[in-house]
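Each protein sequence line maps, in turn, to chains A and B.
The first sequence: position 182 = 182 (the numbering used here), numbered continuously.
The second sequence: position 194 = 194 (the numbering used here), numbered continuously.
Honestly, I wouldn't trust all of these hints.
Over 12 Å on every C-beta distance to chain A, these chain B residues come out as not near it, computed from the model [stated by the list, open to error]:
{"id": "1", "residue": "L3"}
{"id": "2", "residue": "D6"}
{"id": "3", "residue": "S44"}
Sample of chain B residues at the chain A side, in silico, Cβ under 7 Å [claimed, not checked]:
{"id": "4", "residue": "L16"}
{"id": "5", "residue": "V37"}
{"id": "6", "residue": "A41"}
{"id": "7", "residue": "G65"}
Residues from chain A that keep clear of chain B, each with C-beta distances beyond 10 Å, as calculated [stated by the list, open to error]:
{"id": "8", "residue": "P9"}
{"id": "9", "residue": "R13"}
{"id": "10", "residue": "L16"}
{"id": "11", "residue": "A19"}
{"id": "12", "residue": "A30"}
{"id": "13", "residue": "R76"}
{"id": "14", "residue": "Q98"}
{"id": "15", "residue": "D119"}
{"id": "16", "residue": "R136"}
{"id": "17", "residue": "R281"}
Hints were generated in silico from the structure; no laboratory data involved.
This structure is a prediction, so every number in the text was calculated from the model and none was measured.
Built from N, CA and C at the ideal position, the CB exists for glycine as well.
Protein chains: 2
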Amino acid sequence: MKLFLDCLPCLHRQVLEAARIATADETCQARILDRAVGVLARCSEFSCAPELAKAMHEIVREETGIRDPYRAIKRRELDSALALEPRLWDFVGGADDQLERALTVSATGNIMDAALTPDLDITACVSTELDTTFARCDVAALRRDVAGARQILVIADNSGEAVFDKPLLHVLGAGREVRYAVRDAPILNDCTLDEALYAGVGAHATMLSSGSSAPGTVLDNCTPEFLEAFRAADVVISKGQGNFESLSDPTPRPMYFLLKAKCAMIARRLDCTLGDYVFQRRGPEPQAADR
Amino acid sequence: MKLFLDCLPCLHRQVLEAARIATADETCQARILDRAVGVLARCSEFSCAPELAKAMHEIVREETGIRDPYRAIKRRELDSALALEPRLWDFVGGADDQLERALTVSATGNIMDAALTPDLDITACVSTELDTTFARCDVAALRRDVAGARQILVIADNSGEAVFDKPLLHVLGAGREVRYAVRDAPILNDCTLDEALYAGVGAHATMLSSGSSAPGTVLDNCTPEFLEAFRAADVVISKGQGNFESLSDPTPRPMYFLLKAKCAMIARRLDCTLGDYVFQRRGPEPQAADR
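Next comes chain A alone, as it looks inside the complex (with noise of 0.2 Å):
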């Protein structure tokens, strides 16, 4: 999905907010935010923003020497999250339609986004976000999907939201294969094979890295393996902004897209309301000879 005017001002804001998340140095954030508008300058040579937001990030990294600036906000989301976890399966366990409700809390976790909301009470806000229905849900599409696979991928997004995506992976793994893709390396709040691993996704899923560092899934920076795994799977799930805006245009097959739409450009593409909860099946539909 290509970049839109709006990107700009808003990688700008949180190269600067990731700037005084790794150092208390002034002059140092300035060198940062100085080189970040040389980065800004080249935008039309990024794909798409989370290729754009790589990069602006790659600057924080090299300007303070490290390699993980979010590092305590993602453990402190997995905790918040974690403490939550039993009534999150409880949410789900009570449930007649226990897909329809592992895809909500799924899309609940979508609201911990440090980029976006980075003082996000997430404990004060979940029984809410539980209770706000889909502005679109395709489950009957997915029900239709998952009877019949046996491999499914859903890519990961931000750290705290895995634990959300825990009772999803339970559900859809009953006699299937299912994999969690996670970024390669720390980038924002995203999720990365440690914060997985401190989630617990490891007793629901087969857990890799789909080999981009950007905060999204740009595929062209992916490995051999994750793309071999994207491609085979009957069913993809694609968690989130940065990956939707990585794999929706084009979508490079049929997949599905799992998000709470936080900004007005997502909303408008995805063409729902500002604060929705989205869940879209988008690319070409099956044909019998595909089954």
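Given the coordinates of chain A, work out where chain B should sit on it, guided by the hints.
Same frame as chain A, but now just chain B:
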């Protein structure tokens, strides 16, 4: 007041907003943003945020040929303010302390800021805002300074705000000469001579251009006439953030700043909380020999 790092993404966002107000042509918007990033890269050349903002908004004018992109917005704000005007005069006229009430009304007008809150509905929020008390109000000092004053200068900020300044100009004007300084040329929704006239300021003060066409008062760009008025006035009251940013560090003479702290950086400088109203005297205390 020096530029904060936070000013950069904020001005970046503002110029995109201005570009969209001026033109629906996305190629032109992209060209504006492209050139604006070039100006942001030279941010160290600018003495304060209003000077940088001026350079960025000049790009909008150059690329679109539209001299005053905010014209319709200013007119709408002025008409909303004029519709509220009887309430404002009642609020001041019914009080024992008309000076303090007039300061409150004038401060309330400062919420009409197209740069920071473009979709504000002034009619909906005016009652709440008028009830808000100042976090700091140096009205006692003003009363002392005004008592012996012959000339008073008020430096205007936004367009609709001019209507809210009228009761203050009226109260200050009892037996004194009051001047109202406006921007020299259109910039954002700031008040120029056209808007001051439309607001009806002429009934209560002599209007003059400051010579500055930045959204602030950059003394180096001001006219000799304004500089003389600024020097000669017994009391100077500066409205809004843009004037505060350009006149407060250093404060070139004893003067008053009347504003709502609409961003975290300004709040920090004013030692108040974001959203607070402040009426603050800055600069050296008057000596007996000066009076």
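A quick look at each hint next to the structure:
no., hint, in the structure
1, L3, "violated, 10 Å"
2, D6, "violated, 7 Å"
3, S44, "violated, 8 Å"
4, L16, "holds, 6 Å"
5, V37, "holds, 5 Å"
6, A41, "holds, 5 Å"
7, G65, "violated, 20 Å"
8, P9, "violated, 4 Å"
9, R13, "violated, 4 Å"
10, L16, "violated, 6 Å"
11, A19, "violated, 8 Å"
12, A30, "violated, 6 Å"
13, R76, "holds, 22 Å"
14, Q98, "holds, 42 Å"
15, D119, "holds, 13 Å"
16, R136, "holds, 27 Å"
17, R281, "holds, 29 Å"
Violated hints for the displayed structure, listed by number in ascending order: 1, 2, 3, 7, 8, 9, 10, 11, 12.
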